[in-house]
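Those protein sequence lines, which keep their order, are chains W, G and L.
So the first sequence is numbered by this note's numbering: it starts at 1 and just counts up by one.
So the second sequence is numbered by this note's numbering: it starts at 1 and just counts up by one.
So the third sequence is numbered by this note's numbering: it starts at 1 and just counts up by one.
It is possible that part of the hints are untrue.
DSS-like, lysine-lysine: derived pairs with alpha carbons at most 27 Å apart [unchecked claim]:
{"id": "1", "chain 1": "W", "residue 1": "K365", "chain 2": "W", "residue 2": "K449"}
{"id": "2", "chain 1": "W", "residue 1": "K223", "chain 2": "W", "residue 2": "K277"}
{"id": "3", "chain 1": "G", "residue 1": "K221", "chain 2": "W", "residue 2": "K365"}
{"id": "4", "chain 1": "W", "residue 1": "K391", "chain 2": "G", "residue 2": "K232"}
{"id": "5", "chain 1": "W", "residue 1": "K277", "chain 2": "W", "residue 2": "K321"}
{"id": "6", "chain 1": "G", "residue 1": "K209", "chain 2": "W", "residue 2": "K317"}
{"id": "7", "chain 1": "W", "residue 1": "K378", "chain 2": "G", "residue 2": "K165"}
{"id": "8", "chain 1": "W", "residue 1": "K284", "chain 2": "W", "residue 2": "K317"}
{"id": "9", "chain 1": "L", "residue 1": "K79", "chain 2": "W", "residue 2": "K121"}
{"id": "10", "chain 1": "W", "residue 1": "K184", "chain 2": "W", "residue 2": "K198"}
{"id": "11", "chain 1": "W", "residue 1": "K317", "chain 2": "W", "residue 2": "K477"}
{"id": "12", "chain 1": "G", "residue 1": "K221", "chain 2": "W", "residue 2": "K379"}
{"id": "13", "chain 1": "W", "residue 1": "K284", "chain 2": "W", "residue 2": "K106"}
{"id": "14", "chain 1": "L", "residue 1": "K79", "chain 2": "W", "residue 2": "K106"}
{"id": "15", "chain 1": "W", "residue 1": "K321", "chain 2": "G", "residue 2": "K232"}
{"id": "16", "chain 1": "L", "residue 1": "K79", "chain 2": "G", "residue 2": "K221"}
{"id": "17", "chain 1": "G", "residue 1": "K209", "chain 2": "W", "residue 2": "K379"}
{"id": "18", "chain 1": "W", "residue 1": "K284", "chain 2": "W", "residue 2": "K274"}
{"id": "19", "chain 1": "G", "residue 1": "K232", "chain 2": "W", "residue 2": "K365"}
{"id": "20", "chain 1": "W", "residue 1": "K186", "chain 2": "W", "residue 2": "K223"}
{"id": "21", "chain 1": "G", "residue 1": "K209", "chain 2": "W", "residue 2": "K365"}
{"id": "22", "chain 1": "W", "residue 1": "K116", "chain 2": "W", "residue 2": "K126"}
{"id": "23", "chain 1": "W", "residue 1": "K477", "chain 2": "G", "residue 2": "K209"}
{"id": "24", "chain 1": "W", "residue 1": "K116", "chain 2": "L", "residue 2": "K141"}
{"id": "25", "chain 1": "W", "residue 1": "K126", "chain 2": "L", "residue 2": "K141"}
{"id": "26", "chain 1": "W", "residue 1": "K321", "chain 2": "W", "residue 2": "K258"}
{"id": "27", "chain 1": "W", "residue 1": "K121", "chain 2": "W", "residue 2": "K106"}
{"id": "28", "chain 1": "W", "residue 1": "K106", "chain 2": "L", "residue 2": "K48"}
{"id": "29", "chain 1": "W", "residue 1": "K121", "chain 2": "W", "residue 2": "K317"}
{"id": "30", "chain 1": "W", "residue 1": "K378", "chain 2": "G", "residue 2": "K232"}
{"id": "31", "chain 1": "W", "residue 1": "K321", "chain 2": "W", "residue 2": "K449"}
{"id": "32", "chain 1": "G", "residue 1": "K165", "chain 2": "W", "residue 2": "K379"}
{"id": "33", "chain 1": "W", "residue 1": "K391", "chain 2": "G", "residue 2": "K209"}
Hints were generated in silico from the structure; no laboratory data involved.
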Amino acid sequence: MLIIEAVNITKIFSENQAIANSDICFSLEEGETHSILGENGSGKSTLMHIISGLIPPDSGKILYRGEEVFFRSPGEALERGIGMIHQSPGIIPGYNVLENIIAGNKSIKGFRIDRKECINKLESIKNKYSIHVDIEATPDTPELKQYTVLLSLLYRDTDIIIFDEPTTSFSDTKTEEFFMTLDKLKQNGKTIVFITHKIATALNISDRITVLSKGRNRGTFNKNEITSEKILSLMIEDYSRDSFEAASRVKRADTDEKILVGENIGLYRKNERKKLKISFDLYKGEIIGFTGIRENNLNILEDILGGFISPDSGSLKFRGKDISGYTTAERRETGITYIPSDRFTRGTSITSSVENNMAIATIRKFTRRGIVSNSRLKKHFNRGADLYNIKADYGQPLWQLSGGNIQKVILYRELDTNPEILIFCEPAWNLDIKSKKMIYETIRDLRDKGTSIIVLSTDIEEVVDISDKVYVLYQGKIAAVLEGDDINSKTIGEMMLGLKKQKIKKRNRVEK
Amino acid sequence: MKNDYLSAGKELIITPAIVIAVSVITIFSLSRHPFQTLYYFFTSPFSNFLFFGNMMNTAGLLIIASLGVTIVFKAGMFNLGGEGQIYAGAFTATAVSLFFPESNPFFIIVLSLSAGSMAGAFTGFISGYLKNRWETNELISSFLLSSALIHIVNYFITGSMADSKSYLITTRAVSESFRLRQLFSPSKLNISFFIAIISALASYLYLYKTAGGFQLRETGKNRVFAWFSGIKTGYFTVISFTASGALHGLTGGFAILGTYYMCAQDCTAGLGWSAIAVSLIGRNNPLLIIPSAIFISFMDTGMTGITLYTDFPFELNSIIQAVVFLFITTKIIKNGGTGDKRYF
Amino acid sequence: MINDIFSLAVPYILAGLGGLFTEITGSLNIALEGQILTGAFWAIAVTKITGSIPLGIAAAVLSSTLLSFITAFFSFRLKANIFIAGLASNMLSFGLVSVFSILFFGNSGIIRITAPPGYLHTVFFAIAAAAIALSHYALYKTPGGLRMKAAGMAEDVLYYRGINPDFYKYTALLLSGVLCGLSGASLSFSIGAFVPNISAGRGWIALVAVYLGYRRPVGVILSCLLFASAESMSSWMQGVMGVPATIILSIPYLVTLLVLTVISIIRNKTKTGIRPDSSGMSRRNF
Numbered sequence: 001m002l003i004i005e006a007v008n009i010t011k012i013f014s015e016n017q018a019i020a021n022s023d024i025c026f027s028l029e030e031g032e033t034h035s036i037l038g039e040n041g042s043g044k045s046t047l048m049h050i051i052s053g054l055i056p057p058d059s060g061k062i063l064y065r066g067e068e069v070f071f072r073s074p075g076e077a078l079e080r081g082i083g084m085i086h087q088s089p090g091i092i093p094g095y096n097v098l099e100n101i102i103a104g105n106k107s108i109k110g111f112r113i114d115r116k117e118c119i120n121k122l123e124s125i126k127n128k129y130s131i132h133v134d135i136e137a138t139p140d141t142p143e144l145k146q147y148t149v150l151l152s153l154l155y156r157d158t159d160i161i162i163f164d165e166p167t168t169s170f171s172d173t174k175t176e177e178f179f180m181t182l183d184k185l186k187q188n189g190k191t192i193v194f195i196t197h198k199i200a201t202a203l204n205i206s207d208r209i210t211v212l213s214k215g216r217n218r219g220t221f222n223k224n225e226i227t228s229e230k231i232l233s234l235m236i237e238d239y240s241r242d243s244f245e246a247a248s249r250v251k252r253a254d255t256d257e258k259i260l261v262g263e264n265i266g267l268y269r270k271n272e273r274k275k276l277k278i279s280f281d282l283y284k285g286e287i288i289g290f291t292g293i294r295e296n297n298l299n300i301l302e303d304i305l306g307g308f309i310s311p312d313s314g315s316l317k318f319r320g321k322d323i324s325g326y327t328t329a330e331r332r333e334t335g336i337t338y339i340p341s342d343r344f345t346r347g348t349s350i351t352s353s354v355e356n357n358m359a360i361a362t363i364r365k366f367t368r369r370g371i372v373s374n375s376r377l378k379k380h381f382n383r384g385a386d387l388y389n390i391k392a393d394y395g396q397p398l399w400q401l402s403g404g405n406i407q408k409v410i411l412y413r414e415l416d417t418n419p420e421i422l423i424f425c426e427p428a429w430n431l432d433i434k435s436k437k438m439i440y441e442t443i444r445d446l447r448d449k450g451t452s453i454i455v456l457s458t459d460i461e462e463v464v465d466i467s468d469k470v471y472v473l474y475q476g477k478i479a480a481v482l483e484g485d486d487i488n489s490k491t492i493g494e495m496m497l498g499l500k501k502q503k504i505k506k507r508n509r510v511e512k
Numbered sequence: 001m002k003n004d005y006l007s008a009g010k011e012l013i014i015t016p017a018i019v020i021a022v023s024v025i026t027i028f029s030l031s032r033h034p035f036q037t038l039y040y041f042f043t044s045p046f047s048n049f050l051f052f053g054n055m056m057n058t059a060g061l062l063i064i065a066s067l068g069v070t071i072v073f074k075a076g077m078f079n080l081g082g083e084g085q086i087y088a089g090a091f092t093a094t095a096v097s098l099f100f101p102e103s104n105p106f107f108i109i110v111l112s113l114s115a116g117s118m119a120g121a122f123t124g125f126i127s128g129y130l131k132n133r134w135e136t137n138e139l140i141s142s143f144l145l146s147s148a149l150i151h152i153v154n155y156f157i158t159g160s161m162a163d164s165k166s167y168l169i170t171t172r173a174v175s176e177s178f179r180l181r182q183l184f185s186p187s188k189l190n191i192s193f194f195i196a197i198i199s200a201l202a203s204y205l206y207l208y209k210t211a212g213g214f215q216l217r218e219t220g221k222n223r224v225f226a227w228f229s230g231i232k233t234g235y236f237t238v239i240s241f242t243a244s245g246a247l248h249g250l251t252g253g254f255a256i257l258g259t260y261y262m263c264a265q266d267c268t269a270g271l272g273w274s275a276i277a278v279s280l281i282g283r284n285n286p287l288l289i290i291p292s293a294i295f296i297s298f299m300d301t302g303m304t305g306i307t308l309y310t311d312f313p314f315e316l317n318s319i320i321q322a323v324v325f326l327f328i329t330t331k332i333i334k335n336g337g338t339g340d341k342r343y344f
Numbered sequence: 001m002i003n004d005i006f007s008l009a010v011p012y013i014l015a016g017l018g019g020l021f022t023e024i025t026g027s028l029n030i031a032l033e034g035q036i037l038t039g040a041f042w043a044i045a046v047t048k049i050t051g052s053i054p055l056g057i058a059a060a061v062l063s064s065t066l067l068s069f070i071t072a073f074f075s076f077r078l079k080a081n082i083f084i085a086g087l088a089s090n091m092l093s094f095g096l097v098s099v100f101s102i103l104f105f106g107n108s109g110i111i112r113i114t115a116p117p118g119y120l121h122t123v124f125f126a127i128a129a130a131a132i133a134l135s136h137y138a139l140y141k142t143p144g145g146l147r148m149k150a151a152g153m154a155e156d157v158l159y160y161r162g163i164n165p166d167f168y169k170y171t172a173l174l175l176s177g178v179l180c181g182l183s184g185a186s187l188s189f190s191i192g193a194f195v196p197n198i199s200a201g202r203g204w205i206a207l208v209a210v211y212l213g214y215r216r217p218v219g220v221i222l223s224c225l226l227f228a229s230a231e232s233m234s235s236w237m238q239g240v241m242g243v244p245a246t247i248i249l250s251i252p253y254l255v256t257l258l259v260l261t262v263i264s265i266i267r268n269k270t271k272t273g274i275r276p277d278s279s280g281m282s283r284r285n286f
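Just need the whole structure built from these sequences, with the hints factored in.
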């Protein structure tokens, strides 16, 4: 039986006139697991935001069990048992799982919190769906955030649960565990919508698959009716397969020039539970990748490399000169640029115009006797727009741009100074397959021209794809240094979670 | 930017319309002779040189003060200390001009104004410095400092500086030769209005055309990113607060030398708050602040007019002004999408 | 002396708790000042007219809540800038108090009532104590309190879960009205009269107390006691040392600023790492 039917849904965002959904029809059967496949920006999240009441459609209607409904808020959709869990779901800061659930459930009323009753009910839910979560913990990992919201929805007996790329930042084991939970949900009669861009995942878990591309529905298929090649061709028209398989890894000899050397970089902050102690070498014309869990590993390293924190001990030597005390701007002048993982807080000013974001770091170049020259700014803007094919207007605020274009603006700004070293965090942040390819090619080109690149990424596959050498971080230390054929996602995954340890070769350890 | 002016333009037409409607309704419900009251409310600001000139004069003071609010706002902060900074500026300017004998008026005027400005600047500097050095909440520190200043100034006015001959609580009046010349006698309109306009233009050019202004605005938009991009965010934090204090102090100085001629207790009270309103209505844009200030000043003068000419009690003024303030930033007026709740 | 501090602290504590509720829901309510003034006036006015102190207290609460409703309605329903709306409420309060004063008593000066009984002092002390206990309970032990704090920290999350954050913002602002009404009543009953500008910056100081107290009930109470001590100290200085009254008035502000600075220095020392301060104004839209 059809539980939800969306008919001719169209949505155009007024900010950038982007057509997010164009005349989409979509149906959901009770008890099925339905995947929505598409690239970033194909409109899959928008469609689900409409169905879950977060945004209203411009036209079209939604039927719930055959009856036309109009949700003015997520709350109204929840009343009908439709709940959505966003990609990085919001949780209430400082609240533990239990408090998050109590605060987020209207049904819990009165002048006293009956903790016992809530806990009992949650325990029975946890058992029923085999969810292993400590409800007294503070949800600070992506997994725990997902489970918190899931528990909250299950607490109010939500029938239809929409997941938006939930496993993006999960480790492999956690992903497996999560799929088990999905299975349990299905067994207990829940209807599941699973938004993803991973074809294999979709084929693995779903009963039916709907493919979206450029805001249009390219068809809904039963799982056994369709192949991954077919889906791929529906998702992207001009997709060529040979793109970024098997990276041509460059191996550097010990005699080559070491451009950046980190010696025993240490940081210890007890109250913030931050701990780091690492050493590494970066040769000229090489891409090294750092991977690990973001919390307590990559983020501290990023702060140190980017100049946001000075390490407590050790040194960071650029051509023999210690730069660990330099600020980001001073590093940029020395020839080290940094693209932060947090593109919105550190990497851009989203309320500023595109050209301001491009020129800010080098504003002196566009100034004559203290006056900012608009014509020079415009020239600079046009050059960037041509060079990187940025779709934006002069004067447009940055937040109106798509993720890919924002990324290009940042790249243009940071590469315009011809850096010797590029520290690139999460290169594929919020990008669709095509833009990702372009970014990877840019990185390789830079390396071939002699720039050294440090990639910090939580995405194992990305690190495997582009690095010449991979450093795996575990609990603030380097768990492994992998080169050549040793670089593969399985090994990295195991090292990253501390399941396996590498005997670090003497060569990679830099002694004082 | 263009969009900003367009919607601001719309707003500048719709806002007065709403305000007029609101005032008409309020006057009708409060006054015994509504038509007469209304007539004076709208015509008195234009009825003679005295009223018109005073209206423009007040507008000038408001412009300078709200530029002070704006410059801090553009740097991403808020200066709640306007009241005290203006008062301190007023007092310091008075003290300096009372101290010197009648020698070179021009020199003394400039000296008094600079002294007033410096007094404000110093107060602003403290808040800016605390903010930059230890992240002390600037909203609170500026307010506290300003409140303390008001009482300290009152201490001098009621104590050692008091004019024993006056029945008011005030200092002595500054000598005739140090007073700014009235351009539209008998109104108080003086050179300060034109200095205000020039300051607004200069602020606009600084904020929107120079590298310094560019960096200041970027600091306000995203501090972390500005620092990341090599902007000295600390410098702009301190300098904007200092400049804000200086502008407020200057407002106080002009208020004494051009309008009040003596520093009576609470003579500049309310100017700082109105300046915040002017600045917010003018969208923190130095150019839009000019009409916004004139508008608020028009309201003020209309109120004075009706208390003079009709039976409308003085206390009702603050009610009308309050109702106008309530409506002035509401969504019925604002039709831009900027204030919309964006949940994702 | 201690007794003196505690009784001086009562109006601060009541208003401070009111400010705490609004701050917790993320609204900057600068109208506390006007709410206190309104409460103080109506408490005396109604008591003088009816002769009943309980009715006076009720009128104080009602009038102040009404005023807070105006701020809430304009800023939440009509999306006015809450700072301007608060400023307007303060002006409105001042205007209305003068107008009604003229209407009822023929002038806008001091209004005296026959000295209220001595135990009233204890009653307000009890009210303040009860308000502390109830606020703490409401904020930490009830689902509503959890949601109220959530409305300030992450209103979007509540919205996603089908809960209207505005409801909690309204509730908090109205609660601040109730508490400030009581605060005003305690103020005017303590001297048995309404004096123009009786609130004398207490609303603002209460707001500062909320910041100083890290937005926690205990912290707010301690900050309020600090202000009360400063006030008590200054009146002692005035009486014993003969320091002029005007300069005395500035002492609470200066003491607060000093404490604020010390606190921020300590807080800044324990915080580590990240170089540029990211505080800015992200939480509020002016």
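Hint-by-hint comparison with the structure:
1. K365(W) with K449(W): holds (25 Å)
2. K223(W) with K277(W): violated (48 Å)
3. K221(G) with K365(W): Roughly 21 Å between the alpha carbons, so the hint for K221(G) and K365(W) holds.
4. K391(W) with K232(G): violated (31 Å)
5. K277(W) with K321(W): Cα-Cα ~20 Å, so holds.
6. K209(G) with K317(W): violated (39 Å)
7. K378(W) with K165(G): violated (66 Å)
8. K284(W) with K317(W): Since the Cα atoms of K284(W) and K317(W) sit roughly 14 Å apart, the hinted pair holds (cutoff 27 Å).
9. K79(L) with K121(W): Judged against 27 Å, a Cα distance of about 39 Å means the pair is violated.
10. K184(W) with K198(W): holds (21 Å)
11. K317(W) with K477(W): holds (19 Å)
12. K221(G) with K379(W): holds (24 Å)
13. K284(W) with K106(W): Violated, because 59 Å separates the two Cα atoms, which is more than 27 Å.
14. K79(L) with K106(W): holds (25 Å)
15. K321(W) with K232(G): holds (24 Å)
16. K79(L) with K221(G): holds (22 Å)
17. K209(G) with K379(W): holds (17 Å)
18. K284(W) with K274(W): violated (30 Å)
19. K232(G) with K365(W): holds (17 Å)
20. K186(W) with K223(W): holds (16 Å)
21. K209(G) with K365(W): holds (14 Å)
22. K116(W) with K126(W): Cα-Cα ~15 Å, so holds.
23. K477(W) with K209(G): violated (49 Å)
24. K116(W) with K141(L): Given pair K116(W), K141(L) holds - Cα atoms ~13 Å apart, limit 27 Å.
25. K126(W) with K141(L): holds (25 Å)
26. K321(W) with K258(W): Within the cut-off at roughly 12 Å; holds.
27. K121(W) with K106(W): holds (15 Å)
28. K106(W) with K48(L): Outside the cut-off at roughly 45 Å; violated.
29. K121(W) with K317(W): violated (56 Å)
30. K378(W) with K232(G): Between K378(W) and K232(G) the Cα gap is close to 25 Å, so the pair holds against 27 Å.
31. K321(W) with K449(W): holds (23 Å)
32. K165(G) with K379(W): violated (69 Å)
33. K391(W) with K209(G): holds (26 Å)
The structure fails to meet hints 2, 4, 6, 7, 9, 13, 18, 23, 28, 29, 32 from the earlier list, while all remaining hints are met.
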